[in-house]
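Peer 1: Chains as they are written, first to last, in the working numbering: chain A, 100 to 421; chain B, 8 to 508.
It is possible that some hints are incorrect.
[As the list claims (entries may be wrong)] Calculated cross-link-like contacts (lysine-lysine; reagent style BS3-like; alpha-carbon spacing at most 25 Å):
id	chain 1	residue 1	chain 2	residue 2
1	A	Lys151	A	Lys102
2	A	Lys348	B	Lys117
3	A	Lys118	A	Lys141
4	B	Lys35	A	Lys348
5	B	Lys117	A	Lys418
6	A	Lys343	A	Lys418
7	B	Lys38	B	Lys117
8	B	Lys117	A	Lys351
9	A	Lys141	A	Lys151
10	A	Lys103	A	Lys118
11	B	Lys289	A	Lys348
12	A	Lys351	B	Lys289
13	A	Lys351	B	Lys387
14	A	Lys340	A	Lys351
15	A	Lys348	B	Lys36
16	A	Lys141	A	Lys418
17	A	Lys343	B	Lys117
18	A	Lys351	B	Lys36
[To be verified] If you want the footprint, here are the derived chain B segments under chain A, 3+ residues with CB under 8 Å:
id	region
19	146-157
20	196-210
21	297-307
To be clear, the hints were calculated from the coordinates, so they are not data collected in a lab. We treat Cβ as the ideally placed atom computed from N, Cα and C, and that holds for glycine.
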Amino acid sequence: MSKKVPREQYEKTLTWRLKSWFAGEKDLLLDEVEMKPQKEFKEDAAAARKRKEDHERVRSLIYDRDRNVGIRFFERAYQVMSVLFCLFLVGTLLLAVSFLPSFGNPENPVNNEVAERYIEDGLQETGAVNIVTGMILDYRAFDTLGESHVLFIATCTVLILLRIDKKKKTGQEYPEESDNIYEPKDDLILQTVTRILFPTIVIFGIYVILGGHLGPGGGFSGGAIIGAGLILYLNAFGFEKTEKFFTAKTYKCLSVCALGCYALCKSYSFYTGANHIESIIPLGTPGAILSSGLILILNICVGIVVAGTMYTFFVMFRKGGY
Amino acid sequence: MAFVQNFPFMSIILSLFSGPLSTVMDRKKAKIINTAVLLILTAMSAAVLVYVMGTGESYVYTMGHFPAPWGNEIRVGVLEAAMALFFCVIMLLCMLGGVLERELELEESKENLYYVMVNLLLCSLLALIYTNDLFTAYVFVEINTISACGLIMIKQNGRTIEAATRYMIMSLLGSGLLLLGICFLYDLTGHLLMSNIQQQVRILQETGAYHVPLLVSLGLMSIGLAIKSALFPFHTWLPDAYGYSTVSSAAILSSLVSKGYIFLLVKIFFRVIGFDIVKNSKVVNVLFVFGIAGMIMGSVSAIRENNIRRMIAYSSVAQIGYIYMGFGLGTTDSVVASIYHIVSHAATKSLLFVAASGITDASGDSTSFFDLTGAGYRNKLAGAAFTVGSLSMVGIPMFSGFISKLLFAQSALESVNKMLPTLIALAISTILNAVYFLKTVIRIYAPDRKLASEKHFRTITMADQPQKAAALILFIILNLALGLSSQPVIRLIRSGLSMFS
Chain A
100 MSKKVPREQY EKTLTWRLKS WFAGEKDLLL DEVEMKPQKE FKEDAAAARK
150 RKEDHERVRS LIYDRDRNVG IRFFERAYQV MSVLFCLFLV GTLLLAVSFL
200 PSFGNPENPV NNEVAERYIE DGLQETGAVN IVTGMILDYR AFDTLGESHV
250 LFIATCTVLI LLRIDKKKKT GQEYPEESDN IYEPKDDLIL QTVTRILFPT
300 IVIFGIYVIL GGHLGPGGGF SGGAIIGAGL ILYLNAFGFE KTEKFFTAKT
350 YKCLSVCALG CYALCKSYSF YTGANHIESI IPLGTPGAIL SSGLILILNI
400 CVGIVVAGTM YTFFVMFRKG GY
Chain B
8 MAFVQNFPFM SIILSLFSGP LSTVMDRKKA KIINTAVLLI LTAMSAAVLV
58 YVMGTGESYV YTMGHFPAPW GNEIRVGVLE AAMALFFCVI MLLCMLGGVL
108 ERELELEESK ENLYYVMVNL LLCSLLALIY TNDLFTAYVF VEINTISACG
158 LIMIKQNGRT IEAATRYMIM SLLGSGLLLL GICFLYDLTG HLLMSNIQQQ
208 VRILQETGAY HVPLLVSLGL MSIGLAIKSA LFPFHTWLPD AYGYSTVSSA
258 AILSSLVSKG YIFLLVKIFF RVIGFDIVKN SKVVNVLFVF GIAGMIMGSV
308 SAIRENNIRR MIAYSSVAQI GYIYMGFGLG TTDSVVASIY HIVSHAATKS
358 LLFVAASGIT DASGDSTSFF DLTGAGYRNK LAGAAFTVGS LSMVGIPMFS
408 GFISKLLFAQ SALESVNKML PTLIALAIST ILNAVYFLKT VIRIYAPDRK
458 LASEKHFRTI TMADQPQKAA ALILFIILNL ALGLSSQPVI RLIRSGLSMF
508 S
């Protein structure tokens with residue numbers, strides 16, 4: 100038994116529209132897509148002329164090559180010197196490289212006991228099938244701890260540079276603020292594709308993060324994938340949608356939790372390691388998802404930080420705050 | 008293992024974690040966290056110093072369950088502990104001295120990010136001091152660079168943005184060269200741990216293999232760190248960066264950031280390559296020539312400068328020149344003199360920046376010399392502090408600058424070829440120092456009451472700016488202590504250096 104629906108509701112369904120489109124009655128996309136071309140930023144004509152004149156006057160005074168002979172000389176010397184310097188550096192480096200041990204030779208100094216232990220005992224000692232992950236998150240976890248803070252502090256510096264203070268409005272309208280008026284909204288093609296792709300990308304990112312100790316992947320690559328997914332979602336649906344679940348506050352809380360968790364976990368293993376206390380964290384069976392001690396948790400932490408960093412970078416350069 | 012031995016690791020982790028924590032706090036709480044962390048770290052470093060001096064030998068601390076060439080480790084000796092303590096103290100005083108300026112000059116919602124930068128900067132400095140692994144050092148050099156950039160541009164005007172851009176470009180070039188050097192060294196030795204590299208380098212030196220890449224690697228690392236610490240021909244980023252950023256940033260950058268890189272270079276010379284090999288290479292001669300050029304050219308630029316903050320900044324170029332000249336002399340004594348100068352310059356330069364801000368506060372926030380006339384009467388404490396700093400920089404006995412110049416001159420006598428240029432450069436540089444510093448001191452004490460009443464300059468007493476007054480007094484005490492009781496400090500540096508190799 101099929102359900103009877105009124106005519107208006109029926110005309111809204113996808114089947115009817117598809118049918119009528121095939122019949123050539125109605126354009127499926129009509130009244131749906133809104134593609135507004137970006138308005139040009141128009142400066143007040145008088146202000147623009149004045150700015151241009153000032154600029155030209157200052158330029159002509161500064162770069163008056165007839166009066167400032169020094170500048171002419173400096174410009175020429177600068178070009179010559181920079182080329183010479185680059186050639187010198189390139190030459191020195193090439194010369195030095197030609198004296199280095201030949202590539203791929205088993206007798207090379209880099210093939211020593213350090214690499215040997217990583218390869219031969221890495222699986223038993225860290226429990227990670229992926230030796231690279233075992234190396235960066237267990238043997239040399241202190242370096243990776245520093246590296247994830249590099250990402251975090253880079254975000255903070257971009258925040259300092261680009262974030263617009265909401266309280267401090269001086270009446271002058273920032274072009275960045277009115278920017279989201281110009282963005283093409285409700286782009287159906289983009290939105291439809293994003294609806295399909297976004298969950299796939301995020302799930303793939305989560306898979307890459309969680310499988311970091313079992314195969315190729317890990318926090319850095321998985322986080323980058325999730326960050327790219329978030330950026331795609333933002334471009335399709337605009338800030339109104341994304342701000343419902345991801346704001347500056349969310350980012351800060353997430354990264355503090357992730358970095359704090361990383362620091363805490365590693366502090367435990369640093370402390371026990373240095374004081375020769377047996378660690379209570381089991382390594383598990385290699386190959387299982389819950390194995391290799393702390394590596395899984397650390398990968399998740401790094402993934403959160405990387406995804407947040409990528410998304411925040413994009414938002415800051417796009418709009419200057421969220 | 009004694010519990011004190013955990014303190015270096017704990018201080019690194021504590022300052023590392025307090026950075027992210029400050030982002031979710033408001034400015035007041037972030038400030039309290041920052042001060043608390045600095046105080047705790049000072050206490051911890053002092054305890055570590057006492058412990059290491061008691062045992063008389065250095066120890067390594069494994070970061071994790073895997074021993075050294077496989078895992079990470081940090082190494083703590085007398086010199087490392089002393090430097091950590093000193094850096095914490097200077098950082099605390101710089102932050103104390105710049106409280107008022109930070110409230111005025113920084114955007115309110117961004118002030119907590121300032122504390123993020125400071126906490127992570129301190130963490131990276133501590134890690135650079137303690138690390139025993141070249142790659143760990145590189146990771147923390149990155150944190151150091153980015154946070155220094157943030158410190159410069161957080162006071163947002165066109166000047167600081169430009170200065171930060173310039174700093175970024177030069178500093179990244181330096182990082183790149185350092186990384187190249189580390190890569191070369193890794194390819195030759197197969198190790199990243201400092202002591203293992205040194206073993207391998209000794210073997211290579213005996214067999215005579217890979218002579219050219221070794222030299223290039225040493226050169227790349229030295230020049231990379233020289234660019235980052237503003238040695239003379241690479242100093243162009245410095246005056247704007249120190250001259251226009253907020254006071255505590257300028258003080259921290261001049262006294263700590265560049266010194267952290269120099270300390271890393273000392274570690275590379277002594278613990279990675281071996282100082283006798285460095286001594287016999289040509290690299291020290293290059294550093295010697297650049298150092299001497301910097302001593303003179305930095306002072307000449309400072310004399311021509313009309314802005315008091317930029318003048319102090321150019322003076323830094325000259326002082327960095329002194330330090331590199333000490334490396335260039337290539338004796339253990341001269342390196343001791345250089346390290347003493349790192350300490351003395353850090354204490355004096357941060358004093359000068361804070362005092363200069365006190366002087367300019369009393370002159371309607373103008374930094375040009377014309378307005379500073381008589382400022383020493385309007386803000387008595389800042390005037391006195393500036394005088395102390397100037398006298399120390401010039402090298403008057405009783406102050407720390409004198410001791411370092413004396414040490415440089417003494418160590419120059421040991422080297423036959425470099426004795427004469429060193430002594431001449433020391434003499435010329437001292438006279439030039441006296442010209443611009445005493446010029447400023449005379450100007451701030453020249454009576455000019457008429458002008459003061461015309462321009463409505465305000466008189467500042469100690470009660471108006473209690474934090475800055477406290478910082479200045481502590482700085483003066485620190486300077487006098489370094490100048491009057493230099494022998495224990497020198498002995499400490501000497502014993503620390505002997506633990507290095």
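Peer 1: All hints, please: hold or fail.
Peer 2: Here is what the structure says about each hint:
no., hint, in the structure
1, A/Lys151 to A/Lys102, "violated (70 Å)"
2, A/Lys348 to B/Lys117, "holds (14 Å)"
3, A/Lys118 to A/Lys141, "violated (46 Å)"
4, B/Lys35 to A/Lys348, "holds (18 Å)"
5, B/Lys117 to A/Lys418, "holds (17 Å)"
6, A/Lys343 to A/Lys418, "holds (17 Å)"
7, B/Lys38 to B/Lys117, "holds (12 Å)"
8, B/Lys117 to A/Lys351, "holds (14 Å)"
9, A/Lys141 to A/Lys151, "holds (14 Å)"
10, A/Lys103 to A/Lys118, "holds (18 Å)"
11, B/Lys289 to A/Lys348, "violated (54 Å)"
12, A/Lys351 to B/Lys289, "violated (49 Å)"
13, A/Lys351 to B/Lys387, "violated (44 Å)"
14, A/Lys340 to A/Lys351, "holds (19 Å)"
15, A/Lys348 to B/Lys36, "holds (17 Å)"
16, A/Lys141 to A/Lys418, "holds (19 Å)"
17, A/Lys343 to B/Lys117, "holds (24 Å)"
18, A/Lys351 to B/Lys36, "holds (16 Å)"
19, 146-157, "holds (count 8)"
20, 196-210, "holds (count 4)"
21, 297-307, "violated (count 0)"
Taken one by one, the earlier hints fail for this structure at numbers 1, 3, 11, 12, 13, 21, listed in ascending order.
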